[in-house]
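Listed in order, the protein sequences are those of chains A and B. For the first sequence, the numbering used here assigns the number 2 to the initial residue and increments by one for each residue that follows. For the second sequence, the numbering used here assigns the number 235 to the initial residue and increments by one for each residue that follows.
Hint data in this document are derived by calculation from the structure and do not stem from the laboratory. Note that CB positions come from ideal geometry on N, CA and C, so glycine has one too. Warning: the hint list may mix true and false statements.
[Claimed, not checked] Just some of the chain A residues that point at chain B, by a computed CB distance under 8 Å:
#, residue
1, P9
2, R14
3, P17
4, G19
5, R21
6, I95
7, R96
8, K104
9, Q164
[To be verified] Mimicking EDC-like on lysine to aspartate or glutamate, the simulated pairs with C-alpha atoms at most 20 Å apart in a straight line are:
#, chain 1, residue 1, chain 2, residue 2
10, B, K777, B, E792
11, A, K104, B, E451
12, A, K104, B, E792
13, A, K104, A, E131
14, A, K132, B, E792
15, A, K132, A, E80
16, A, K104, A, D117
17, A, K127, B, D574
18, A, K104, A, E141
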Amino acid sequence: MSQGLDGPRPEARETPEGRRSPQGIRLDPKNGAEHEPRRTVISALVQHEPGVLSKVSGLVSRRQFNIESLTVGSTTNPETARITLVIEESTPGIRQVETQLEKLLPVISVRELNNDAVRRELVVLKVHGEKPDEVHAITEMYGGTILDAGPRTISVEITGDEQKIDDAIDAFAQFDIREIARTGQTALARGEEWTTHAEEERYERTTTVPNE
Amino acid sequence: MSDHVSTVHTDEQTTTTTTTSSTAPADAESEGDSDAPTVTNGAEAVVAALRNAGVEHLFGVQGGAIMPVYDALYAERGLTHVTMAHEQGAAHAADAYGQLTGEPGVCMATSGPGATNLTTGLADADMDSDPVIALTGQVPTGLVGHDAFQETDTVGVTRPVTKSNYFADDSETVGDVVGEAYALAREGRPGPTLVDLPKDVTNGETDSVPGDPTLPEYHDIPQTAEGSAVEEAARALSGATRPLILSGGGVVKGNASEELREFALEHRIPVVTTMPGIGSFPEDHELALEWAGMHGTGYANMAISHCDCLLAIGTRFDDRLTGGIETFAPEAEIIHVDIDPSEISKNVHADYPLVGDAARVIEQLQAAMGEEPSAHQWREQCQTWKEAYPMTYATPEDEPLKPQFVVEAMDELTPDDAIVTTGVGQHQMWAAQYWTYTRPNAWISSHGLGTMGYGLPAAIGAKVAAPDRDVVCFDGDGSLLMTIEELSVAVREGLDITVIVLNNEAIGMVRQWQDAFFGQRRMASEYPWGPDFATLAEAFGAKGFTVREYENVPDTLEAAREYDGPSVVDAFIDPEENVYPMVSSGGNNAEFALSEDQL
Ligand SMILES: Cc1ncc(C[n+]2csc(CCOP(=O)(O)OP(=O)(O)O)c2C)c(N)n1
Chain A
2 MSQGLDGPRP EARETPEGRR SPQGIRLDPK NGAEHEPRRT VISALVQHEP
52 GVLSKVSGLV SRRQFNIESL TVGSTTNPET ARITLVIEES TPGIRQVETQ
102 LEKLLPVISV RELNNDAVRR ELVVLKVHGE KPDEVHAITE MYGGTILDAG
152 PRTISVEITG DEQKIDDAID AFAQFDIREI ARTGQTALAR GEEWTTHAEE
202 ERYERTTTVP NE
Chain B
235 MSDHVSTVHT DEQTTTTTTT SSTAPADAES EGDSDAPTVT NGAEAVVAAL
285 RNAGVEHLFG VQGGAIMPVY DALYAERGLT HVTMAHEQGA AHAADAYGQL
335 TGEPGVCMAT SGPGATNLTT GLADADMDSD PVIALTGQVP TGLVGHDAFQ
385 ETDTVGVTRP VTKSNYFADD SETVGDVVGE AYALAREGRP GPTLVDLPKD
435 VTNGETDSVP GDPTLPEYHD IPQTAEGSAV EEAARALSGA TRPLILSGGG
485 VVKGNASEEL REFALEHRIP VVTTMPGIGS FPEDHELALE WAGMHGTGYA
535 NMAISHCDCL LAIGTRFDDR LTGGIETFAP EAEIIHVDID PSEISKNVHA
585 DYPLVGDAAR VIEQLQAAMG EEPSAHQWRE QCQTWKEAYP MTYATPEDEP
635 LKPQFVVEAM DELTPDDAIV TTGVGQHQMW AAQYWTYTRP NAWISSHGLG
685 TMGYGLPAAI GAKVAAPDRD VVCFDGDGSL LMTIEELSVA VREGLDITVI
735 VLNNEAIGMV RQWQDAFFGQ RRMASEYPWG PDFATLAEAF GAKGFTVREY
785 ENVPDTLEAA REYDGPSVVD AFIDPEENVY PMVSSGGNNA EFALSEDQL
C-alpha cells in the first residue's frame, strides 16, 4: 500500500485569501477587474511567399483567437504582402495575437491600428431581378455600383465600413438576396502615420540611400 | 523564397557554372591542400552547411528520399552519423544532445513515415524549447501534391510543432536554408526547426557553397530589458516581505544558473524551480525549496502560494505548475523575465514584464536592486514548511521495494555531474523528487509533451554529447516498451549507459489516477504481461539485471554502473506505491494531497 507522506492535512494549512481572474490577473482593486473583449484591427506586413497564409491562419485556429475576418493582398513591394485581421479579444488577448504573429518567420511587422484607421470592406450581392428600379435606388443610396443586371438577377457592389455593409444588406433583403460575397475589412493607418513599423523603416531606408 | 530572390540565384548559377567548367582541372588538383569547400549538388550543400555550423553528430534513419544526403555524408569524416532504430528515437536523441551541448541536435529521416515518426520528437522539443534541427527527405518537387509514394505534407504536418519549418525548393539556396534553420533553432528561445528536402533539390547540381548559419532578417532577439522596467521590478522585489524566485527551464537554456545563484544568495531570496528548471539552483542549498507544481514538494507549493512577490524567470506558467490559475500565487506581484515576448501574460498576468536574455536581465536586476528585501520571517517560514512536509517514506522490510529508495541509492553511487533521463509517469516523478540535483543539465526529461519512451533515446543522445559523464535512465516498464528498440543502438555504439526500470507491472501513473478518480477501475493499466527486461537486454547484447530486495539494490546498481556498456536493471518495486504530494489537475497548489484520502 502507498503510505503517502507526513505533514498537516490540507484543512489544517493556512491558505492565502487572494484570488486571480481566469485571465491570471490578481484581483486587487488597483488592477481593475476583468478584461472585456473588444473588436480591433491588426495589420501585418509579411513576406510574400507560399505558406504565409496557412501559417497565419494555422496560428489563429491553434490558439483559438476570436477572428472576424482576414484579408491578404499585395503591396507596392513585390516581396511583401499585407494581412489585415479583425479580431475580437480582450487587451491581453490582443497582445497575444500580436506577439504570436511576430514570431512567425514570414511576418515582418505587426501593429494594432488605432480607432481612427481608414477601413473598408466590399460586398457583392446578387438579388432577384424583378424590381430593377427599386434595386437601382437603394444602390444609389449606398453609393454602390450595379455590376450586372439581367432579367432574373441583379448584382451590386457596395463599399464601406462594416456598419454600412450590414445596413445595406438589410436594405437589400426585401428583394430576396440570392447570394452574397464579402471581402472582410482591409485598413491603413490614418494620415502620415505608418501602418506598421517596418514600413516606416523601409521608407527611411529607401529615402536615405537614394543614389549609392 | 520570393520570385525576386530565385531570379538572382538563377543568374548566379549561369555565371558560376561557366567559371567552374573552365577552371575545373585546377580545382581538382588544389583540393588536397586548399581548405575552401566545394560542392557539386544540393545534398553536398546541405552537408557543407552542417559542417559550417560545427555539427559533429547526427541521429537518423535512412530511406529513399533522403538517400542523396546520406550519400553526401558517406565521404564526410568530420560528421558522425548515429543510425537509430526508429525516427522517434532519432528526434529524442537529438533533443537531449541539443540540450547538453547548447547547439541544435540534428536528426534525419526520409519522407512519409520517416518524417511522421519524427513528429512526436519534434513536438516534444517544441514544448520544452529544445534546440533541434530535422532534415527530412521529400519526393521530387514535380511529384509533390500527387500523392506520390511516401509523400506526406511534412511542412504542413510539422508546422504547429516547430519553431519554423522550410520547404527547400532550390539546390542553389538549400545550404543557406539549412544554415538559417540551424541558427534559428539555437537563438533566442530555442526550439525545433525542420528543412524538407525534395530529392531533385538534393540531387540537383549546384556549386553554391553555403555561408555560416545566419538568422533570418527581421527577427531581432531582445537581450536586455528596458531600464525603467527593471528599476520598477527591482523596487517591487526589494520592498517585498515574502519574496520568492521561480527558476524555469529558461534559466538552464540561457546558461543563467550562475547569475541566478549569485542573485538569490546575495539577496537571500528562497528559490523554487519548475520541473524543466530542476538543477538551475542547487537543491542542497538552504534557500532551495526544490520544484513546485502537481508533484512538487509541499514546501515549494506552500511558498509559491504565499509569496507576495514572485520573480519568475524563463517559465511559461504551464498548468502542471500553476494548478488552477485562480489560486496560483494569488497574493504575489509577478516579475516575469522571458526572452519570448509572447510568453508575457499568456497564462498569468505579469505585473513587471522584463523581456530579454535570462542572464543579462538578472545582471540588470542585480545592478538595480536597492536593499535586500526584509524577509527574515519569511525565510524562517519556508524552513518551517520544509520541516513540516518532509519528502520521507518508509522502507518496511516485509514490503516490496520502494522506488524512492532505488533512486536515492543510485544518486549515492554516481558523481555529482551524472545525467538523469526519464520516461514519463510515476518513475519520472520519483526520479525528479528523490535525486538531489545540484547543477543545470543533469536532469533531462520530457515535460511539456510528457512523451513516454523519451528516456532511452535521450540517454543515447546524452551519452554521445557527454561521453565522460555517467548517464542514468530511469524508466517505467510501459515507457521503456515504447522505445526499447534503441537499446540495439546503445549496444552497437558501445554506449555506457544504465537503464533502471522502476517496474510496477503497470502504467502506474494511469493506475494511480484510476484509483483516485475512477473508482479503482483499472482499465488497461496493469501490465503483468510485460517482458523480462533483463533477458530482453541480454538478447540485445546489453547486460541485464533483476532486483527485488532492498539489500541487493546497492550491489546490483553498482554492478550495472561498473559494466562497460549499456545495462538494464529491472527493479521490481511496490506496485501499489503512488506519487505524493499531488495537486489535482486545476486544483489549488496550497491544497496538495499527501495521501489518497486527501485528494
Ligand atoms: C506516448 C504516451 N502515451 C500515453 C501517455 C499517457 N501516460 C502518462 S503516464 C503513463 C504511464 C506510464 O507508465 P510507465 O512508463 O510504466 O511508468 P510508471 O507510471 O508506471 O512509472 C501513461 C500511459 C503518455 N504520457 N505518453
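Consistency of the hints with the structure:
no.: 1; hint: P9; result: holds (6 Å)
no.: 2; hint: R14; result: holds (6 Å)
no.: 3; hint: P17; result: holds (5 Å)
no.: 4; hint: G19; result: holds (3 Å)
no.: 5; hint: R21; result: holds (5 Å)
no.: 6; hint: I95; result: violated (11 Å)
no.: 7; hint: R96; result: holds (7 Å)
no.: 8; hint: K104; result: holds (6 Å)
no.: 9; hint: Q164; result: violated (32 Å)
no.: 10; hint: B:K777 to B:E792; result: holds (13 Å)
no.: 11; hint: A:K104 to B:E451; result: holds (12 Å)
no.: 12; hint: A:K104 to B:E792; result: violated (48 Å)
no.: 13; hint: A:K104 to A:E131; result: violated (53 Å)
no.: 14; hint: A:K132 to B:E792; result: violated (94 Å)
no.: 15; hint: A:K132 to A:E80; result: violated (47 Å)
no.: 16; hint: A:K104 to A:D117; result: violated (27 Å)
no.: 17; hint: A:K127 to B:D574; result: violated (48 Å)
no.: 18; hint: A:K104 to A:E141; result: violated (45 Å)
Hint violations for this structure: numbers 6, 9, 12, 13, 14, 15, 16, 17, 18, all remaining hints satisfied.
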